[in-house]
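Put together the whole structure using the sequences plus the hints.
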Amino acid sequence: MDPECAQLLPALCAALTDPRQPVADDTCLEKLLDWFKTLTEAGSSLQLLQDSPCLVELLLQVPKAPGLSPRVLAFSLRLAGLLAAQEDCFQFLQGELLPGLFGEAGPLGGAAWTAPTVRSGWIQGLRSLAQHPSALHFLADLGALDTVVSLQGDSSLFVASAAGQLLAHLLGLSLRGQAEGSPGPQVCDWPASAQRIVGHIEESLCSPAAPRVTQALNVLTTTFGHCHQLWAQVLWARLSPLAACLLEKDPVPAAHSLVDLLLSAARSPALSSDRSRWETVAQALGRLSPAHAGPLALGLLTLQDCPQALSAQAFTVLLQPLACVLKAATQAPGPPGLPAGPEGDPAVADALLSSRSACVGLLCQTLAHLELLQPLPQRPAPWPQAPLLGAAVTVLRFCNGSAVPASGSDVGGRLCAILAGCVRVQRAALGFLGALSADTGPPELVTQVFAVLLDYLQSPDSSPTVLKKAFQATLRWLLSARTPPGCCDLDPPTQLLLRELLPVLQRRLCSPCWEVRDSGLEFLTQVVGCWAGQAGFRHALLASEVPQLAQQLLQDPESYVRASAVTAVGQLSSRGLPATPAGPEHPGGPQKSLLPELLHVLAADSEGFPRRAAMQVFTQWLRDGHAEVAEDTERFVARVLQAASRDLDWEVRAQGLELARVFLEQTLGQPGSRCPYAVAAPEAAAPGRVAQALRAACRVQLVEFAFRALFDYDRPVAQKSCDLLLFLRDQAAPWDSLQEARGSPDVASVEAALRRWRAGEQGQPLGPLEPEAVLAVLRSMDLEGLRGALAESSDHVERNPQSLLQDMLATVGILGDNEADCY
Amino acid sequence: MMALPYITEHTGFTGTVYATEPTVQIGRLLMEELVNFTERVPKAQSASLWKNKDTQRLLPSPLKDAVEVSTWRRCYTMQEVNSALSKIQLVGYSQKIELFGAVQVTPLSSGYALGSSNWIIQSHYEKVSYVSGSSLLTTHPQPMDQASLKNSDVLVLTGLTQIPTANPDGMVGEFFSNLALTVRNGGNVLVPCYPSGVIYDLLECLYQYIDSAGLSSIPFYFISPVANSSLEFSQIFAEWLCHNKQTKVYLPEPPFPHAELIQTNKLKHYPSIHGDFSNDFRQPCVVFTGHPSLRFGDVVHFMELWGKSSLNTVIFTEPDFSYLEALAPYQPLAMKCIYCPIDTRLNFIQVSKLLKEVQPLHVVCPEQYTQPPPAQAHRMDLMIDCQPPPMSYRRAEVLALPFKRRYEKIEIMPELADSLVPMEMKPGVSLATVSAVLHTKDNKHALQPPPRPIQPTGGKKRKRVTDDIPDCKVLKPLLSGSIPVEQFVQTLEKHGFSDIKVEDTAKGHIVLLQEAETLIQIEEDSTHIICDNDEMLRVRLRDLVLKFLQKF
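Chains B and Y, in that order, are what the protein sequence lines are.
Residues in the first sequence are numbered from 1 upward in steps of one, following UniProt numbering.
Residues in the second sequence are numbered from 1 upward in steps of one, following UniProt numbering.
Since the hints were derived computationally from the structure, they do not count as laboratory data.
Glycine included, each C-beta is placed from N, C-alpha and C at the ideal position.
It cannot be assumed that every hint is accurate.
To be verified - A partial selection of chain B residues facing chain Y, derived with a Cβ cut-off under 7 Å:
{"id": "1", "residue": "G401"}
{"id": "2", "residue": "P405"}
{"id": "3", "residue": "A406"}
{"id": "4", "residue": "C416"}
{"id": "5", "residue": "A417"}
{"id": "6", "residue": "A420"}
{"id": "7", "residue": "V423"}
{"id": "8", "residue": "P503"}
{"id": "9", "residue": "R507"}
{"id": "10", "residue": "C510"}
{"id": "11", "residue": "S511"}
{"id": "12", "residue": "P557"}
What the hints assert, rightly or not - On the chain B side, residues computed to face chain Y include the following (Cβ under 7 Å):
{"id": "13", "residue": "C206"}
{"id": "14", "residue": "A210"}
{"id": "15", "residue": "V404"}
{"id": "16", "residue": "P460"}
{"id": "17", "residue": "D461"}
{"id": "18", "residue": "P464"}
What the hints assert, rightly or not - Covered, in the sense of this in silico footprint (three residues per stretch, anywhere, with C-beta under 8 Å from a C-beta of chain B), are these stretches of chain Y:
{"id": "19", "region": "224-230"}
{"id": "20", "region": "298-311"}
Written out as structure tokens, the structure is:
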């Protein structure tokens, strides 16, 4: 602890124990605890207490002070726990202080105990304290275990959860405390405290009250989640029969927590040699309701070491709802059935049909689980791609009313009624269908996928969120329809889709709903990005009105749409797919330049998003050497930077610096951005090029823009500018031939301007600059220092402990003044 | 409404028609437009021989498939319209209208159109709700009054959406996407529509969308003989509008934004294509005009004018006519045809929610609503699903509603009520005997005090014997309660009767006093003491029986 803090601490401790003083807010106390934590982690707690006796005094006074705020009480309990985590310090505090805080003499029996903060502080204090065997004796003497157990059912969820975790921690500690080797192979050989905890868990597991079962299961889940030792096997052997008994009940109590426990046990390395856990898990898969069995199945399938038979069972469970849906529809696309058994599980059908919300919930859960599973390397093999595609298509058809239920199937009829127009299931199924594009499917199924996607894109009933998902899924399927090797064009089904897709896109770009227009533009940008090289696509796109519509949307009233339109037309233009003037009166008319329009957006749009998008387009154009930019690059850069420098949006200014960097790299002869992970430093540019680049940078007022940005109020802009100037300086490092102009009037005026800018006077321009002067200024500046300062967060000054203590004391001090005034 | 003149003018109708004011005014406009359209093109001759069944079946389709052609009527005249409308009595929402004292009828807002109503028909103990074209969407009319439909014995459900698979919001989106796409390409848009109804909402959406879609410079024309009246009438029915629009009136602002569209010259309206319209007409443009069947009205001219260019689009929004049939005589057509039926009436999901909310004891609906549409037999969601299952009816079927009228309310005149002396039989239940005259008139019943006997006025006239009877008659107390047989037998024994035998009968018990040769027959509503010529014994037994009964 530095001396300044040591000096301030006694006053703060005194203030904290004074009930009349207003206590600083919770955040301050949390920060204070954080500080103490760093101190105790870095050094001896005992030393800390000896150096700061005020802390001992604080901990002694707190339980005695009547009317103290619950926050201070909770803080003291947690602080005491932190300090007592070190055994020597624990011994030091054990005599009077710790029992006074955590025992009956403390808040435990008093009125303060009614505050959840205090109960939570008590538990957290004990959690920190319980790090060594002596702590266990202390807790036993205190009789704390009973309190912890009762707090498991606390009305505050935070307290209840913390109590459960403390119990798990104490169990681990008591068994770890056995210094000589591992604890006995029987629970009866275990220490008394461990036996008590296990006994309590056993009792709870047998209790008819579901909340008690849940608490016990949660403690076990935490235990197996953290324990890597052999005693876990003994514990599992003892308690797993009780967990299995729970599975016999109907309905299974605390099913959610039971799933967590089984997954925790399945993942536990300590139980890796125990085969019995797989039997319990297999039993659970068969007994749990589909809604609970699903998460268990997914958890098992993501394991690396799950036995194959169990994986197969889990996969079957996971697929059952979809198998049920497939079975309920006639003419389900694709090969019949999923590997979920020829007969659908009646429980699954019951769960699907019990209510609309249950059906929707189960289907969404299943689809989401499969979507998660799909990209994993350990997913079941063979992956039933075709039936899954069929199932996703069928679900989507049930949702839009085009699926025909199997004759005589009640399930089909009910599903039809439940799923019609259900947006949640539509979104989940489209997400899953999109994910399935990573693998191929039989051509006839792919055709059906395209058909159903097109149905959704065309349907006026598709909600904006469903449409967005449909666009995303379509894009993924389009991108997966890779060109066959040796062929430079799209395959026939994709071309067919495209022919129908573009008119739909046209209509969607004219939708009165802005979200739809926005999704349409995003789709256009992405599809152009990937397919601009395909002759078939180019031809179809240019023959449609999509490019013109995208350009018209630059005037959209909604800023998000304008931003997406800017990106889209930028992309179209980059890829040589410009909009030709619309209407029959301009056939093949002269192509209108897009640059002025986008510059107008940058200069005049009232919202930030379109301006940011314009900057990104310009940067990309510069990188790509876009024709309109290449005509006069310097003029282009100058105009863009001029507009960006005036922008109020920091992201636009930051993007301006990005563009400046690209320009510099190009003029310095380093096309393309460097790989950030390259081992070697970038080579410095040739002196001639440096001079040229600097002159060009001065001409386009890039240097002035960067210098101004260096003192930007928004830190990311200043950081970016600092990086840019460092880059420029480093590039010019070996350049000695150029005469530095240090001391010349030009340099002096630049430095003076920089000083003014630093002081916040941004008005005055720099005027024409010479490269020599720029270089001199760059070399004279402490850019590394500035970069270091900028890397600190903006509140780094306020975040040091001294400042914290001062702030807290200031709060107290203000009250002191007021009191004086009152007298 | 459109058929009203046929009922009131051709069937000998002599009754009263009840309707809300907007219904009458807008109905008049719709009929006026129809009459105007048909009278514009008078026929020199009318052919009727083809209606002969033998001839008709030889005709090509669709003529030969037409149903009941012999009942087809010529369109009514304005005179008939006026006469029909004169029979209407105006009513307001929630107003109670007494029909012959038998039932009360109350119109409620149905949320579908200006002044559109659902009706409650109720007596004192029964309530029937008649739900016709209703909407739960937020459009221009007052929202649907669902609360008043609660506690119905029977809910008659009609007028659901004709296009249950088309969501109105999606269709409006589709309408504008196609409109914008056409106009941007230099094409014209034709919207065949009625002069009132959905057009108000379309114009409102247009108002919001016009600038964002870059359509500010495109003229919108509304052509109808009643266009002006329709647009103006809509603005004056403030009390029939939704809350938002009502509050605008107090600002004061016109409730519908089409006023602003007209003011800024973006929307122009004309009675017909002749006259001013010919001078102002500018293309590309959007035209709203009738009739949606495309068989008459100004729309016919636009179909002829624009049908040949693929740049133009006709967008159907009214669900009443099959757009394919409407277009049939114009084929081949180059113009694009878009079908965006906008029907805001209840769909089956909304019906299901409504029924859960209102919870009627029984639902009665047309047969079509109890099964999925024939073309989509698998769509189980497109039918009414409720418990108990709905009772269905067919066209012209007479249905007995599933309830029995068991009670009538009878009013007691105050002076009679004053004279009653109720006696509490058990806590909360009091009884009193009433002697009164039941007076029934116009299905209302009232108990009035019995007429007082005429006092003798001096013996001029000889008193008639019958006049004395009411006075002389001693009113015996009424008895109530039941006789517990075991206790009764014990009492009999206490009073010296022996050899008592009790037999159970279907209706009660028979107590046999064998020694006295007497029979006491105890039933639920009567007790008989049968003994031969021993009046003393009978009276003794009677008094014992009476001890167990309450008298008042």
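Consistency of the hints with the structure:
1. G401: The hint holds - B:G401 has a Cβ within 7 Å of chain Y, the shortest such distance being about 6 Å.
2. P405: 5 Å, holds
3. A406: Hint on B:A406: violated, closest Cβ of chain Y at ~10 Å, above 7 Å.
4. C416: 5 Å, holds
5. A417: 4 Å, holds
6. A420: 4 Å, holds
7. V423: Status violated, d = 11 Å.
8. P503: 9 Å, violated
9. R507: Holds - the Cβ of B:R507 comes within 7 Å of chain Y, reaching about 4 Å at its closest.
10. C510: Since the shortest Cβ distance to chain Y is 4 Å, the answer is holds.
11. S511: 5 Å, holds
12. P557: Nearest chain Y Cβ about 4 Å off; hint holds.
13. C206: Result: violated, 42 Å to nearest chain Y Cβ.
14. A210: The hint is violated - B:A210 has no Cβ within 7 Å of chain Y, the shortest such distance being about 30 Å.
15. V404: This interface hint holds because 5 Å falls under the 7 Å limit.
16. P460: 3 Å, holds
17. D461: 4 Å, holds
18. P464: 9 Å, violated
19. 224-230: Since 0 is below three, the answer is violated.
20. 298-311: The restraint on the region 298-311 of chain Y is violated, since only 1 of its residues have a Cβ under 8 Å from chain B and three are required.
Violated hints, in rising order: 3, 7, 8, 13, 14, 18, 19 and 20; the structure is consistent with all others.
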